[in-house]
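A.B. asks: Based on the hints, put chain B in the right spot on chain A.
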Amino acid sequence: MPGAIYAEGLVKTFGDVRALDGVDLDVPEGTVLGLLGPNGAGKTTAVRCLTTLLRPDSGKAVVAGIDVLRQPNEVRRSIGLSGQFAAVDEYLTGRENLHMVGQLYQMKSKVAKARAAELLDQFHLSDAADRPTKTYSGGMRRRLDLAAALVVSPPVMFMDEPTTGLDPRNRQELWEVIKQLVAGGTTLLLTTQYLEEADHLAHDIAVVDHGRVIARGTSDQLKARTGGERVEVVVHERHHMGTASEVLAGFGKGATTVEQHTRKLTVPVTGGAKLLAEVIRELDARGIEIDDIGLRRPTLDDVFISLTGHAAEVRDEENGSADDAGREQEKETAK
Amino acid sequence: MSAATDAVPATAPGNRIAQSLRDSLVIARRNLIRMTRIPEMVLFGVIQPVMFVVLFTYVFGGSIKVGSTTDSGVYKDFLMAGIFAQTVTFATAGSAAGIADDMQKGLVDRFRSLPMARGAVLTGRTVADLVQTAITLLVLAIVALIVGWRTGSADPTNAARILTGFALLLLLGYAFTWIGALIGLSVRTPEAATSGGIIWLFPVTFISNAFVDPTQMTPWLRHVAEWNPFSATVQACRELFGNPGVVQSDAWPMQHPVWASLLWSVLIIAVFRTLAVRKYRSAAT
Numbered sequence: 001m002p003g004a005i006y007a008e009g010l011v012k013t014f015g016d017v018r019a020l021d022g023v024d025l026d027v028p029e030g031t032v033l034g035l036l037g038p039n040g041a042g043k044t045t046a047v048r049c050l051t052t053l054l055r056p057d058s059g060k061a062v063v064a065g066i067d068v069l070r071q072p073n074e075v076r077r078s079i080g081l082s083g084q085f086a087a088v089d090e091y092l093t094g095r096e097n098l099h100m101v102g103q104l105y106q107m108k109s110k111v112a113k114a115r116a117a118e119l120l121d122q123f124h125l126s127d128a129a130d131r132p133t134k135t136y137s138g139g140m141r142r143r144l145d146l147a148a149a150l151v152v153s154p155p156v157m158f159m160d161e162p163t164t165g166l167d168p169r170n171r172q173e174l175w176e177v178i179k180q181l182v183a184g185g186t187t188l189l190l191t192t193q194y195l196e197e198a199d200h201l202a203h204d205i206a207v208v209d210h211g212r213v214i215a216r217g218t219s220d221q222l223k224a225r226t227g228g229e230r231v232e233v234v235v236h237e238r239h240h241m242g243t244a245s246e247v248l249a250g251f252g253k254g255a256t257t258v259e260q261h262t263r264k265l266t267v268p269v270t271g272g273a274k275l276l277a278e279v280i281r282e283l284d285a286r287g288i289e290i291d292d293i294g295l296r297r298p299t300l301d302d303v304f305i306s307l308t309g310h311a312a313e314v315r316d317e318e319n320g321s322a323d324d325a326g327r328e329q330e331k332e333t334a335k
Numbered sequence: 001m002s003a004a005t006d007a008v009p010a011t012a013p014g015n016r017i018a019q020s021l022r023d024s025l026v027i028a029r030r031n032l033i034r035m036t037r038i039p040e041m042v043l044f045g046v047i048q049p050v051m052f053v054v055l056f057t058y059v060f061g062g063s064i065k066v067g068s069t070t071d072s073g074v075y076k077d078f079l080m081a082g083i084f085a086q087t088v089t090f091a092t093a094g095s096a097a098g099i100a101d102d103m104q105k106g107l108v109d110r111f112r113s114l115p116m117a118r119g120a121v122l123t124g125r126t127v128a129d130l131v132q133t134a135i136t137l138l139v140l141a142i143v144a145l146i147v148g149w150r151t152g153s154a155d156p157t158n159a160a161r162i163l164t165g166f167a168l169l170l171l172l173g174y175a176f177t178w179i180g181a182l183i184g185l186s187v188r189t190p191e192a193a194t195s196g197g198i199i200w201l202f203p204v205t206f207i208s209n210a211f212v213d214p215t216q217m218t219p220w221l222r223h224v225a226e227w228n229p230f231s232a233t234v235q236a237c238r239e240l241f242g243n244p245g246v247v248q249s250d251a252w253p254m255q256h257p258v259w260a261s262l263l264w265s266v267l268i269i270a271v272f273r274t275l276a277v278r279k280y281r282s283a284a285t
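From first to last, the protein sequence lines are chains A and B. The opening residue of the first sequence carries number 1 in our numbering; numbering runs sequentially from there. The opening residue of the second sequence carries number 1 in our numbering; numbering runs sequentially from there.
Just chain A, same shape as in the assembly (with noise of 0.2 angstroms):
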């Protein structure tokens, strides 16, 4: 049987890019799926096909159960979205908004007021709830998006960057609302850019880039693959680099690669800031003087160097079509 979020052979071209070049999912249902790639890469455009916003050229898609492209606004009672604009009226207040939305979902008026109230408590903005949402700060304006797409308590929920622009505390906050969100048993859908935050939320990662997942897993299998914790390593001297490079192999789960022109060198390691900290001991027992040093963690770039041998870089703008990469960027220079 399907999963709640379902996709087989999704394409889309705008003009002669292919923003999604056949993409298949399967989301189980009350698990989360992050999908991760950089800007451009085609996130954006498959939570726009998912979410009836846009028809594909081709391909299959059934969300909770029912055909996207025969049936789209039966999936629109079915579904919440929160994108990466945090998609609020900024001259409602916010208890308007929410009472808004829940009277477009169908709701009656009554009803889509009490829900609006619960919401606004759950989400603490009930003291901000009758101010227009031009005052909020970014994470209230986040929080509030995020409410109006649960107004139904959708089974299914796409969110699209949830975090993106968001300060850290912010951040760990919206986290900590999504976790809840999933623990209630809600599937969901979510993009974003940072492997940590699809480390921390989601069960199954699909990385994406040029319009096709290139590789899914779980966040431990995707590390492994990238090949985990690097300790790095810049001497102060060029003639160091010989003991140096010995000190790291004594240390290292793989060869050491060196750099002569930044002496810089880096090699695998497991065992985090507790082996970190008995690299600089040694190093400085040999009396090698070091000018930088850090254990780096696998990035998004790392992950992408290693699944597609080239870096995470922004495509070209493409054309003033409906992909991300404009938007994003958009949204960039407006902020």
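Hint data in this document are derived by calculation from the structure and do not stem from the laboratory. It is possible that some hints are incorrect.
Under the rule of at most 25 angstroms between Cα atoms (straight-line distance), these lysine to any residue pairs were calculated in the SDA-like manner [said to hold, decoys possible]: (1) K105/B / D220/A; (2) K110/A / K279/B; (3) K113/A / D16/A; (4) K105/B / V177/A; (5) K105/B / H124/A; (6) K134/A / L32/B; (7) K279/B / K113/A; (8) K279/B / W259/B; (9) K274/A / D220/A; (10) K113/A / G106/B; (11) K105/B / K274/A.
No experiment lies behind these values; they were computed from the predicted model shown.
C.D. replies: What follows is chain B alone, placed relative to chain A:
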């Protein structure tokens, strides 16, 4: 999870119209709330036509020939139907900018992901704009009375005829906001929508019978003016208000201006509503 299915009963085909009306009202209410939060927008919308009334009355009055006279009092009575009609068409820019703004802010995406009637976002907007147009028109009529405009100054009239005139004006304004809706969906920014919603209105409202008598134009321009949809409403209002300057012409819209005005407005709504709703359904910001 059954919450969604409990909260959202399936819509029977018979309920479609009811749902469409209800959703449109929800959106109209939202846009009206916005207006109360940005009162300066409403204010500027009123000030501009008031300025036009004053400028045209005192600058052009006395030099423009209506019928066989250049009497400034006659021009004043002639002018008002033109200014009223021009004012209602300028609501186009507001609709265009408002919808472009909703597109840019991602609100249209939110609405399109909701199980709501497809045309409601646009209908709600145009209805709210109609309310604003009505307010503007009311203020304008009062200002016109203050500067000396009088109904029945050339031919007898009555309250029913005057109200019919205003109803035709509002219908024309409503029709034009649908053109604005299509413009708003077609441009990238609210700024572009504002100018895109207004520039073409200058030729439309000036190559007409609004400010000068078309019988004084060169023949081809006169034909354009007489068949201009906008002219029909102006002519109808002059006739209904009993004001001077009703164009004597063989052109059908000038001979049956009330019907012509009604037909043009209904036609504009039918065409542009269809185009705008289709555009909205496929809208991809």
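A.B. asks: Each hint needs a verdict: does it hold in this structure or not?
C.D. replies: Going down the list of hints, with the structure as the test:
no.	hint	verdict
1	K105/B / D220/A	violated (37 angstroms)
2	K110/A / K279/B	violated (33 angstroms)
3	K113/A / D16/A	violated (46 angstroms)
4	K105/B / V177/A	holds (24 angstroms)
5	K105/B / H124/A	holds (24 angstroms)
6	K134/A / L32/B	holds (17 angstroms)
7	K279/B / K113/A	violated (32 angstroms)
8	K279/B / W259/B	violated (30 angstroms)
9	K274/A / D220/A	holds (20 angstroms)
10	K113/A / G106/B	holds (23 angstroms)
11	K105/B / K274/A	violated (47 angstroms)
Against the hints set out earlier in the document, violations occur for numbers 1, 2, 3, 7, 8 and 11.
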